[in-house]
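*Asks:* Chain by chain, the residues run as shown.
2 protein chains.
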Amino acid sequence: MSNHIWTDVNLLTMQEDGEAYGLLQDVALVQESDYIAWIGPKDDIPNHYDYEMTYCDGGYMTPGLIDPHTHLIYGGNRIDEFEKRLKGTSYEEIAKEGGGILSTVTATRETTENDLLQSAKKRLANFRAEGVTTIEIKSGYGLDTKTEIKMLSVAKKLNLSNKIDIIPTFLGAHTLPPEFRDNRTGYIGLIINDMLPKITDLRLAKAVDGFCENIGFSYEEIERVFIAAKSYGLDVKLHAEQLSDQNGAALAAKYGALSADHLEHLSEAGIIAMKEAGTVAVLLPGAYYTLRDTKLPPMELLRKYGVPMAIGSDCNPGSSPVLSLKLMVNMACTIFRLTPEEALAGVTRNAARALGLKDRGVLKEGLNADMVLWDIEHPAELAYHIGGNPIRAVVKNGKIFTQKNGDLN
Amino acid sequence: MSNHIWTDVNLLTMQEDGEAYGLLQDVALVQESDYIAWIGPKDDIPNHYDYEMTYCDGGYMTPGLIDPHTHLIYGGNRIDEFEKRLKGTSYEEIAKEGGGILSTVTATRETTENDLLQSAKKRLANFRAEGVTTIEIKSGYGLDTKTEIKMLSVAKKLNLSNKIDIIPTFLGAHTLPPEFRDNRTGYIGLIINDMLPKITDLRLAKAVDGFCENIGFSYEEIERVFIAAKSYGLDVKLHAEQLSDQNGAALAAKYGALSADHLEHLSEAGIIAMKEAGTVAVLLPGAYYTLRDTKLPPMELLRKYGVPMAIGSDCNPGSSPVLSLKLMVNMACTIFRLTPEEALAGVTRNAARALGLKDRGVLKEGLNADMVLWDIEHPAELAYHIGGNPIRAVVKNGKIFTQKNGDLN
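Chains as they are written, first to last, in my numbering: chain F, 63 to 471; chain G, 63 to 471.
Treat the hints with care, since some could be wrong.
Because identical chains share one entry, a pair is satisfied inside a single copy or across any pair of copies.
Unchecked claim - The calculated lysine to aspartate or glutamate pairs, modelled on EDC-like cross-linking and capped at a C-alpha distance of 16 Å, are: (1) K260 x E241; (2) K461 x E241; (3) K357 x E154; (4) K184 x E439; (5) K184 x E78; (6) K268 x D119; (7) K420 x E175; (8) K184 x D437; (9) K426 x E78; (10) K260 x D206.
No wet-lab data here; the hints were simulated from the structure.
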């Protein structure tokens, strides 16, 4: 951890109620150890003669990017399925051949913890290389106690690098495992009476998620899981209104969920409930794009009611094989018509809020030294380009990684 | 330039009429100096005791990627315009404020050759980092003789690196410059009588392109330019049928064009003409995506008639601010429903054909040692992921660049 002064820098603090992007032009930021000690005019920098200083030449600094929704840990891949679909094989045929989400469940169960760790590390490196410093990862491809714990143990190990914070979520209620095909109640019971207590005991999850959908779980089933989660002191969140309106957003709000995610079919009543509960709307343009969806989330209504919007990659092997959160910022603008400022808030301030993190997501004295310095000429450039990686430096947990020969060292 | 043996490698040769992707599994490739000297079973490698050898551990090797359509050199940027549009400003208002393509013309005229070179180098680095070894670059933001020559001189300088081949195209007939607003014939005359002879004399372009569209140039105007181009011995190609059917594909075919590009509104008659002329269809999913187009190119008919399909980034500051050809491979699949094999052929074999290059685009004895080694598990993985960069090594003009700490060194 370093004491460091960043000067001649344009800060996109992402604080609300000021300039667009919370912009502070041509200022300085003093980092002490792992937190932001001072922000102010560059001529007023406190005397710290022994601090290293970086002249940023008018570069832009943002909070470290935060991905609030991923399924980054999984066994196998669905590349073959991707190709088969494009060659004309139907979803039904693929399902019959054992494809779809259950093929990932089978592969994840069969993959060793170490192999899961290695493949997840490779995927994670792509996010980190583009300035992601905090990332949520869900379980949900185990669907048995042992494999759900295995997935969350991998998340815990990924967190040990200290180069990126992993926020783990337990998603037992992702889909019904084959061995419970005729016993839905039994599976919900397993989640509540076996998985949840063990995972809580091992401190492997911060929150509990579910998939409330015709092809997932019903309102009532999710409610049982939420009640149990709350009894263990865990936060809740929900995959809601992706394919149909299940009243999931209202359910999430009822239990004070951190976020409701996807939301293409969200109703105005759901939005009002989310607003009142302070539940963040997590939008996932990568899944929308991959599934060639045509039903946009209700952006205008979310704006009208002031529901905070976050953006996630939804990194997963089926509906969103995304390895770039930066590209999701572009898709949030191009496909969902967010403004570049809204999209950037979606992967900083509002993504922090979606994960219940109060120590990051904006640049502010006292918060984490968790920042990215970009080689860009305009704040909206982060949303404008499709591809490309203008990273100059990343500060994570007080440690500075600078871009050398294309990598963060 | 090296003599080198690549063994234990899966070659996606992209040759037709064999296995999918022209796959040769677990073979060896001998590179001598700057060409491919031998491909065969790894147990039959000719004795070259002094050649360095790389064991590829079952990695996949493709031809170096080829981007057949870009406007990579330009002054200024249109980031501000991108943001304004998302905040609700209409195209008309932006045009009134001097935005749109003419703002890029103004900026390009005002930017020095060296500044154009530096900004283009930065953009180009993104393509190269993802395995692009050949890239087409058009002029067309000068629209006066001096600036068109300045742009093409930048292209020539970019080519000197030897790390990536630049194929330069003269696009004087991009849009009507403001000083000729009331004198269309005069501008076509300037292209034919002043720009073309000078650019030919300086050997600054390999081909001549035009924009055949209501907001561009008419069939008759483009035809005059093509006739002149042919008289100078230059190849022709055309932006055709992007926004409406102008019979541009047939015009391109009539003059034996290398390619007709965009093609969303292409008719069956145009397809037949292209097939007969051997004109390649260059598809540009980045522009389709950015413009939120809904009219897909006629993929099925292109397949039916066997017109070769190539894929380009269309890198430009307005309608396609794309810095990743690899992402275009995904978009060609996800949006245009190409198969991964078709999409990969689109940035290798067929892209070479669209540029009139016979020495690359497939892996074959006697052709250029112009190759990429990928850290992937399945050929379709190059199309499957959205973001990420699994490059292990690039061979360009016989020189080997290996991935070290995220960069090609």
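*Asks:* Tell me the numbers of any earlier hints that the structure contravenes, in ascending order.
*Replies:* The structure conflicts with hints 1, 2, 3, 5, 6 and 7, although it agrees with all the remaining ones.
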